[in-house]
Every structure is written in C-alpha cells, then in structure tokens.
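Chains as they are written, first to last, in numbering that gives the first Met the number 0: chain A, 0 to 268; chain B, 0 to 268.
The set of hints was computed from the structure by calculation and includes no laboratory data. All the pointers check out, no bait thrown in.
For lysine-lysine, the following PhoX-like pairs were computed, each having C-alpha atoms within a straight-line distance of at most 20 Å:
1. B:Lys132 - A:Lys117
2. B:Lys132 - B:Lys38
3. B:Lys251 - B:Lys45
4. A:Lys132 - A:Lys45
5. B:Lys132 - B:Lys45
6. B:Lys117 - A:Lys132
Number of protein chains: 2
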Amino acid sequence: MLELVLIKLGGSLITDKNQPYTARLETMQKLVTEISLVKQKNPSLKLIIGNGAGSFGHQSAHKHNTINGVVCDIDKLGFCLVHQDVLDLNRLLANCFLQASFPVVSLPPFMMVVTQNKKLLQANFSVIENSFKAGLIPLVFGDVVLDQSIGGTILSTDTLLVELAKYFHVQGNYRVKLINAGNYPGVYDQNRQVIPEITPANYTQIKAAIGKSESVDVTGGMIQKVEEFLAIADWGIDCWIIDGNIPGNLFKAILGQATLGTVIRAGEY
Amino acid sequence: MLELVLIKLGGSLITDKNQPYTARLETMQKLVTEISLVKQKNPSLKLIIGNGAGSFGHQSAHKHNTINGVVCDIDKLGFCLVHQDVLDLNRLLANCFLQASFPVVSLPPFMMVVTQNKKLLQANFSVIENSFKAGLIPLVFGDVVLDQSIGGTILSTDTLLVELAKYFHVQGNYRVKLINAGNYPGVYDQNRQVIPEITPANYTQIKAAIGKSESVDVTGGMIQKVEEFLAIADWGIDCWIIDGNIPGNLFKAILGQATLGTVIRAGEY
Chain A
0 MLELVLIKLG
10 GSLITDKNQP
20 YTARLETMQK
30 LVTEISLVKQ
40 KNPSLKLIIG
50 NGAGSFGHQS
60 AHKHNTINGV
70 VCDIDKLGFC
80 LVHQDVLDLN
90 RLLANCFLQA
100 SFPVVSLPPF
110 MMVVTQNKKL
120 LQANFSVIEN
130 SFKAGLIPLV
140 FGDVVLDQSI
150 GGTILSTDTL
160 LVELAKYFHV
170 QGNYRVKLIN
180 AGNYPGVYDQ
190 NRQVIPEITP
200 ANYTQIKAAI
210 GKSESVDVTG
220 GMIQKVEEFL
230 AIADWGIDCW
240 IIDGNIPGNL
250 FKAILGQATL
260 GTVIRAGEY
Chain B
0 MLELVLIKLG
10 GSLITDKNQP
20 YTARLETMQK
30 LVTEISLVKQ
40 KNPSLKLIIG
50 NGAGSFGHQS
60 AHKHNTINGV
70 VCDIDKLGFC
80 LVHQDVLDLN
90 RLLANCFLQA
100 SFPVVSLPPF
110 MMVVTQNKKL
120 LQANFSVIEN
130 SFKAGLIPLV
140 FGDVVLDQSI
150 GGTILSTDTL
160 LVELAKYFHV
170 QGNYRVKLIN
180 AGNYPGVYDQ
190 NRQVIPEITP
200 ANYTQIKAAI
210 GKSESVDVTG
220 GMIQKVEEFL
230 AIADWGIDCW
240 IIDGNIPGNL
250 FKAILGQATL
260 GTVIRAGEY
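Generate the whole structure from the sequences, applying the supplied hints.
Dropping the structure here:
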C-alpha cells in the first residue's frame with residue numbers, strides 16, 4: 000500500500016490576500032523546507048502539491064466573473080488573464096521547490112479537466128500518474144477550465160484535490176490523506192475556537208457556527224471547503240485543516256503526528 | 000474547409016541565443032502585432048503558435064543533457080529546471096499576446112505527449128481542439144516530455160508543430176500550412192544564398208549545401224528542420240521558412256502573399 004498525501008498550500012497562506020499580486024516568499028520557502036524534510040524522512044511517500052490563487056488569481060477572476068461563464072471576447076481574454084495570473088504564482092512556488100532541489104513539475108488543471116455547468120465532466124489524470132512513475136512531484140493549482148455548458152469557469156484547488164484524492168483512493172493501492180495548510184488555525188466555531196474534529200455525525204449542529212472567509216475568494220469559503228472534505232471523509236480519506244504558519248505543523252501533519260487544527264473524518268475509528 | 004496556420008517563432012528570433020535568459024521583447028511585440036493584424040483581416044483563421052526555447056531552455060537542456068534521458072535524481076531535477084526555463088520564456092510571450100488583447104492559452108507539451116526512445120508514442124491534442132472551439136489561441140513550445148524508454152527527453156517545437164500539422168490535416172476539414180519565422184532569411188546554400196524552394200525532387204542535391212546552425216541548439220540544426228518539413232510537404236502541407244525580423248514578412252506569409260524565404264513543398268503544383 001503506497002501512501003499518498005495531497006497538500007493544499009492556501010492562497011491566504013502563500014500570498015497577502017489583501018495586496019494584489021503579492022507573494023509571501025518567506026512562508027513559501029519555510030513550507031518547502033518542511034515538505035523537503037518529510038521526503039528525506041520518508042522517501043517512498045507520494046505527494047501531490049496544490050496551491051490556492053490568493054491575491055494573484057482571485058482579484059482577476061472576480062473582475063472578469065470567470066466562474067460564471069465565458070461568452071464574449073472580453074470574457075475570453077479575462078479567462079486567459081486569470082490563467083496567466085495563477086500560472087505566475089505557481090511559477091514562484093515551483094521556483095522555491097526547485098531551489099531546494101525538489102523535482103516539481105507544474106501541471107495546469109486547464110489541461111486535465113473539462114466541466115459542465117461548473118461540475119466535473121471529464122478528467123484525465125494520467126500525466127500525474129506518469130509523473131509519479133518518473134519520480135517527479137506534481138504541482139497543481141486552482142485554474143480556469145473549459146466548461147461545455149457555460150464556456151469556461153474556475154476549478155478551485157480544493158475541488159481538484161478532492162477529485163484527485165478520490166481518483167487515487169479507488170485504485171486501491173494508495174492510502175490517501177489530504178492536508179489543507181491555511182492562514183488560520185483550523186475551522187472556527189462561533190466563538191472563534193478551533194473545532195478539533197468534524198464528522199458527518201456532528202456536522203449538522205456545527206455548520207451554523209462556522210464563519211465564512213473574510214477576504215475575496217471566488218471559489219467559496221470555509222463551509223464549502225468543509226463540505227467537500229466531508230464528502231471524501233466518508234470514503235475513508237482524512238482531511239486536516241491546519242495553520243501553515245506554525246513552524247513544524249505541516250511537517251507533523253504529513254507524517255501523521257499530533258497537529259493543531261481540525262480533522263474532518265468519517266468518525267468510525 | 001477551415002484554414003489552419005501553425006506558426007513557429009524561433010528561439011533565435013525571440014531571444015538573444017548568445018546571452019542566457021535574454022528575451023528580445025521588442026521583436027516579440029512586433030510579431031504579436033503582425034499576428035493580431037492577420038486575425039483582424041481574417042477572423043475565421045485558426046492559429047497555433049509555438050515558440051522555440053532560445054537562450055532560456057537550450058543552455059539548461061544542454062547542461063543537463065536532458066535530450067538523452069533522465070535516470071538519476073540530478074537528471075530529474077535538471078528535467079524540471081529545463082521545464083521551468085521554457086515556461087518562463089513562454090510566459091513572456093503569452094504576456095505580449097495578452098497585452099495586445101489576444102486570448103492565448105499556454106499548453107505545455109509535457110501534458111500532451113509521451114515518447115519512446117525520443118519518438119512520439121502517445122499524443123493527446125484534445126485540449127487544442129477544445130481551445131479552438133472556445134475561441135482561444137493555443138500557445139505551445141519546445142518542452143521536456145516523459146519517455147517510456149529513457150525516462151525523459153526534449154520534444155522540439157518543430158517536431159511538435161509537424162505532429163500537430165499532421166493531426167489536423169488527417170481530420171480532412173483543415174487546410175494546413177506551417178510557417179517557421181527565424182532569425183535568418185531562409186535556408187542557405189553553400190554560398191549563403193537563400194534557396195527559394197525545396198522539394199523531394201531537388202533535396203538530394205541541395206542537402207550537402209545546407210549549413211548547420213551555429214549557436215547551441217540541442218534539438219538539431221537546419222537539416223533536421225528541413226527534413227521534418229519535407230516529410231509533411233508530401234502530405235500537401237506547405238512549410239515556409241522566413242526571416243521574422245523583416246517587417247511585414249510574417250503577416251504576408253500567414254496570408255499567403257509573396258514572401259522572402261524558403262518554401263518546402265511537394266512540388267507538384
């Protein structure tokens with residue numbers, strides 16, 4: 000059984016979401032160092048790393064309203080501009096990994112996914128499997144994708160990672176885990192206390208208490224994130240929402256050590 | 000019958016091949032303007048634009064000897080570094096197109112092609128067709144690709160464009176033409192005079208006279224280029240090798256007007 004960890008580096012963690020096109024390079028480098036240390040400790044571990052769009056993609060996606068479709072020429076240009084913005088941030092992150100001698104390869108979701116009315120219609124993840132076999136680390140991100148009903152839309156990093164988690168889980172030879180490292184200590188309740196565990200059993204009473212993200216985020220706030228993760232918790236895929244700013248937190252979460260944050264799981268343990 | 004023109008913007012044209020990582024931005028902008036004018040004149044024309052690696056990808060590809068395979072960890076990192084270099088140049092070119100309101104989308108060949116012993120084994124060009132349907136202009140480039148025999152290699156822009164030309168030609172509803180805009184006035188004979196026309200009939204006597212490219216170019220010189228184009232000339236796909244520096248030359252070549260340069264064709268006209 001191979002171990003696969005999908006890691007989301009949140010847009011609010013690796014960029015300043017309130018300053019357009021501003022990366023937090025020191026944070027990126029710190030996270031890259033932690034991931035590199037994990038690979039040294041456990042070289043057989045498979046990783047897929049995804050990054051949010053933060054202040055690179057969300058502002059332009061919001062301006063062009065790309066999530067709601069692509070019809071006219073201005074929409075098409077907007078779609079391409081959003082793609083360029085998310086590529087720009089991903090390129091900065093890729094550079095951090097390469098400088099740490101970490102063989103990442105950037106794989107634009109635009110090339111792998113087609114949606115229909117914002118829902119996944121076709122996905123071809125063979126390039127990710129081929130990258131694994133070649134010993135490369137796939138680097139994905141939230142991206143624009145073509146949509147057969149509305150022309151085009153946005154596929155969030157969370158949605159993509161959830162789809163990838165399911166894809167590798169059903170193959171039967173991967174034990175899959177998802178870690179969402181953000182700029183927040185976990186999922187808050189109404190008193191801004193971190194909820195340690197969310198399960199299908201306690202979610203109904205917790206839902207009303209979960210605060211929404213405050214910055215611009217075209218692809219949904221915390222409730223959508225939790226619900227996407229709950230859907231795969233039922234498959235036996237644990238999802239951790241942790242604070243990526245705390246030194247060592249990501250390292251420990253990947254290795255399955257006790258970590259501050261929220262775990263979303265089926266709860267039948 | 001749709002008209003499809005595949006345009007190669009040579010690495011020696013859009014970069015200074017003797018200065019590492021140095022783009023010729025003014026030349027890029029001039030070429031983008033010519034291509035934009037063509038689209039204004041003939042909006043139904045389909046375009047695929049590819050750029051060579053020039054001084055961004057060739058030096059690193061040469062250093063890591065990526066074309067001859069990827070085996071050890073250092074090779075893998077080299078493979079990823081070459082990919083990053085070619086992406087960097089393509090991003091600069093994409094920015095020029097986007098600034099001219101031209102909806103290009105960058106499509107890394109790494110995601111579309113797998114080779115075996117440096118020969119194309121699998122290709123999935125559906126994303127290019129989907130981009131056409133969505134009204135976007137595909138932008139490709141010479142890239143690293145995974146190879147089932149030797150781990151990885153380099154796929155040149157010329158080879159990719161030739162494969163794409165064949166792919167769309169066999170569909171039967173495209174009239175396909177290929178234009179190679181370089182930093183040279185065409186194919187030279189032994190006296191550095193441009194050969195106006197190369198056909199299967201005159202190639203044997205001309206071959207010895209064709210000079211090789213003088214700068215570092217891991218993916219082959221002029222003879223390889225001519226032979227790749229001759230192979231599709233037989234299919235009825237004309238290939239023009241023109242000087243991209245001459246104002247209006249690319250514009251005229253795309254529209255099929257008389258152009259200075261070398262045409263490679265079947266010769267049965």
